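S.K.: Sequences are here, hints too, so could you generate the full structure?
Going line by line, the protein sequences match chains A and B.
Residue numbering for the first sequence follows this note's numbering, beginning at 1 and increasing consecutively.
Residue numbering for the second sequence follows this note's numbering, beginning at 1 and increasing consecutively.
Because the hints were derived from the structure by calculation, they are not lab data.
All of these numbers come straight from a predicted model, not from anything done at the bench.
Positions of the beta carbon are idealized from the N, C-alpha and C atoms, including for glycine.
Be aware that one or more of the hints could be misleading.
What follows is a set of in silico ranges between Cβ atoms, one per label pair, in the way DEER data are often shown [what the hints assert, rightly or not]:
| no. | chain 1 | residue 1 | chain 2 | residue 2 | range |
| --- | --- | --- | --- | --- | --- |
| 1 | A | Ser360 | B | Ser54 | 27 to 37 Å |
| 2 | B | Gln90 | A | Pro105 | 37 to 47 Å |
| 3 | A | Ser34 | B | Gln90 | 38 to 48 Å |
| 4 | B | Leu25 | A | Gly28 | 16 to 26 Å |
| 5 | A | Val297 | B | Glu26 | 44 to 54 Å |
| 6 | B | Val38 | A | Thr283 | 25 to 35 Å |
| 7 | B | Glu142 | A | Pro221 | 34 to 44 Å |
| 8 | B | Glu97 | A | Pro323 | 41 to 51 Å |
| 9 | B | Gln90 | A | Thr14 | 30 to 40 Å |
| 10 | B | Val38 | A | Pro195 | 31 to 41 Å |
| 11 | B | Glu97 | A | Asp307 | 31 to 41 Å |
| 12 | A | Asp440 | B | Leu25 | 56 to 66 Å |
| 13 | B | Ser24 | A | Ser34 | 40 to 50 Å |
| 14 | A | Thr283 | B | Ser54 | 40 to 50 Å |
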Amino acid sequence: MAGSSIMDTLFQRTLEDLIKGLRLQLIGESAFISKVMDEIRREIKSTDPHTKATALQKLSYLSSLYFYDMSFSAFHVVELMSSTRFAHKRIAYHAASHSFNESTPVLVLITNQLRKDLTSANVLEVSLALDCLARIATIDLARDLNPEIFTLLSSSKVFVRKKAIGVILRVFEKYPDAARVCFKRLVENLESSDPQIVSAAVGVFCELAPKDPKSYLPLAPEFYRILVDSKNNWVLIKVLKIFAKLAPLEPRLAKRVIEPICDHMRRTGAKSLVFECIRTVVTSFTDYESAVKLAVVKIREFLVEDDPNLKYLALHALSIVAPNHLWAVLENKEVVIKFLSDLDPNIKLESLHLVMAMVSENNVAEISRVLLNYSLKSDPEFCNEILGSILSTCCRNVYEIIIDFDWYVSLIGEMSRIPHCQKGDEIEKQLIDIGLRVKDVRPELVQVGRGLLIDPALLGNPFLHKILSAAAWVSGEYVEFSRNPLELMEALLQPRTGLLPPLIRAVYIQSAFKVLVFCIHSYFSETEIKASIPCPGNVVPLESELASEMECPEASESEIHNASPIRKQEENFNPRVSNQSFKDLSEDYGEQIDTSCGQTSSLASLERNVFTDESIINTLNKIELAVGPLSETHEVEILERARNLLCFIELIRQYLPNGLIQKEESLKMGEIEAYKIVELMQDAISDELGPVSVTAQERVPLPADLVLLENLADLEAVLPDIQPHLNSLSLGSPFLEETPGVPLPTHQNIEELEPTKESTSLLTEHRRRHGLYYLPSEKNDVSNDYPPANDLKSQDDAEDLVKLTEQSLVSKKKPNHAKPRPVVVKLDEGDLVPTAAKPQSKDDSLSDAVREVLFGNESNLSSSKNKPSDRSSSKNKGKEKLNVDTSELKEDLGIDKHHHTNSSSRKSKHHSHGKERRHRSSSDVGDQRDKNGEEGKKKSSHHHSRHKARPRTAAPSSVTPQTQVIPDFLL
Amino acid sequence: MIRAVMVINTQGKPRLAKFYDVQSLEKQQELIRNIYGVLCSRAENVSNFMEVESFFGPDTRLVYKHYATLYFVFIFDSSENELAMLDLIQVFVETLEKCFRNVCELDIVFNYSKMHAILDEIVFGGQVLETSSAEVMRAVEEISKLETASNSISLVPKSVSSWRSR
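M.R.: Written out as structure tokens, the structure is:
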């Protein structure tokens, strides 16, 4: 044993040998390392500390730079930590801070060793322990070693004191109650004469402040002093960062510090400090016009520097200013646009953001044109950045800045053809969204869609598939605007569609179905039927009859089992349509038929030649040829739609004239029969779709007696062979429908099930019974009649949206636009994803602790659980001279404090805060304490009465107490 | 605070890596690889910033400086100033220069322990505690003095005693 140990010691590879070996690489790196690792595993068990230390050092090296696991060595690390030799200790501490984490089991073993080293006379050992603690401190370590750290915070040696300050951050993070003990000393360090200490302390506050700025407001005078007095740029930068967080909370503080900040900005030569001043002003002092102006001047100086870093940061600062002070960007427009062609990708990107910030409805066309041209020349990555930012800017706030939608749609079409374009998802979304929202743009949309569909080359680019899907959907949905539906049909069926993924191909087939229905419908109305039946007079009654028979257009079999996202949307939307009263519906239909008749007749000149018997028959043959093979496919989506299409053709074909001979005797009942079928289909499809509010689901009122089971297992017992999502009330399982206690799946499901009704009588029955699952009719305004986008009256319940639109109202009536802006459908509040109420920054325990120290209140009963250190904390507090009589005051306030516990902690904080302030000044003066106490009491009673008045207003405005309390800030 | 400090050579080999928040070894390796992938594609004479939010999560920034065969990389969050971090890289390199005289990659390769000593004096648990390279040098020299002292004291008696105990 001893022998092997000595051999190890004598012939052990040192770290240097290891590195040399790695560099020589005689046997390959990984083979060499695994050999070394074997040695290490043996050596680390050695009883000789030197061997062990060397092994551990090698292991740390391999772990740190070659990422080998060293968790197996944890115990040896602990062993070596207790070595008396500094070299070994250092290796062990290094290994510990590198490899230990919260879950390392041996962590509990090092507490005593750390304590010993923290109290060591050797500053370097203390430093090692502190460094290790700063990396690996857990809640236990932080709690147990808190007293030692507290002592070190006032150490006379700067070298350890600054590190002790540094370690505070980790200690507070892990064990917030430590603040009760250490916070005062930390604050005292701010007043130290040693710049290093101040720097370290300010650094800690700079980390703490963003988490809960309010708690650190009382320290503003200290920070202010540093801001004015310090000559150290590092410290100034940190203080500026702190003020950037504090100033928005307290206007008078902002007023006070803005001058020194501007002074620094004017005077200093250090770019980093200038930039920090700029950033502070543009983020937190945007109301101070002169300061912002100065900052913009400085930004411009940066912009013309040669250093790309300064340019980049200046652009970055500009983009922070932009939302509040667009003039700053416009002033520098030329430079910003010039940077678009900079070599540096960062600068290009920032300037792109700024250019987009300058976009308004007047220049959007121009800017987009320029950018699009530029994107053709730039590298793929930046090209997509450009496209992405154009898209996102234009769709902002429901296409607020777009006046000419025809232009925008054709721009999107153009965008899709840019070779590097990878924005398929976004373009798809917008194409469909615009189609749904903007009625007037549909002809152009169909035109653009045609252009995309007809080009076989585009099918080969997988990035475009999404766009093609949207184009196909648009073409099918708004086929009545197509100049040549038959051509469209060919485009939809072209052989290269085989390259599409199944879901998109299904959209193609579905669109082909719609186009076909439209063609045959027009064909019939153009030819025989039209001759026999005068169109408007006859169709409308038929329509309303149909409507009353099946209100739900999607009930046609073509729409069942749809799973593509577009279809889903439709189905979500559906209940609203269906819930309308029949009268409305038939009226609507009447209107629609009228318009569509108008359209047909306007297109008639075009179509008369198009829809001949021959062309229709040809089309049918073509479809059968193209889609026929798909009825065997394994893709369900495609299969389903292909079958639908083929069955429809089969249904129609028997009534169609087979050639010219039969046509002579064609006016028979079969024709009318066929016409009816087609009419039905046309009806099913031509119903207009609108945008769906994202909150639609939430508006479904929850029925009182609805009981949703967490677990649907017992449902399976009832219906063993049907999948839960398929088993539906509407599938007519009487068993289910008649059992009142059976859990309903979800609203979603109910809505989805609803269209699957085949029989209208069953449907009406279903509606009657489950009427409460349909949306209440007063919210139906969105569905069929489009409320004008900016009609303020219709948005009674969405004040915030009104505010947004008001801006657009003001600027929209620009006379220089040739076209009026088409109506864009907006939903009341559904367009904006509901912003989840921001979680109230809950008073975490650190803030509580900090407040307790700073304000001396005890509002936070929750966090002052009787931890062992609490005793020591109060003891320590007693020693603090500033605190001498806060306890008295606490008693004064205590009476009402106890009534308002956590809920009013903020308020009471302010009060006691006032006290604290007053107090400080009083202790400075010296003998006036009693008088002040009196005053405090008066104040407190005053506040007390305020307190009583307060609970009526649910949300206490934090402004009032502040105006009362903080007047002596910085005085 | 500073989230990580790295020195990577132009071949993508890490020469120094220190993460101030806990990352698994795999993650560390991946981060270094990702960062190197972007760094090596960047031209000379461009700005020294790099977008890393996709690697490190929100509110993280990266500055780097390229010296000879090495990239010096600092990753930090919004409580540090970008230009100050560039200065800090300068301080770090200056200190290395003072320590090794004409520092080159080899010095860094062979002085693993000393590199960490220097870095630990400048950045303590993610916070910048020292920006004067003279101060750093003084501390580092003290450390190595103490180390050699403890070793030389120990070496002779240890080998003798273990010899005897045989």
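S.K.: Please flag the earlier hints that this structure goes against, numbers listed from lowest up.
M.R.: 11, 13 and 14
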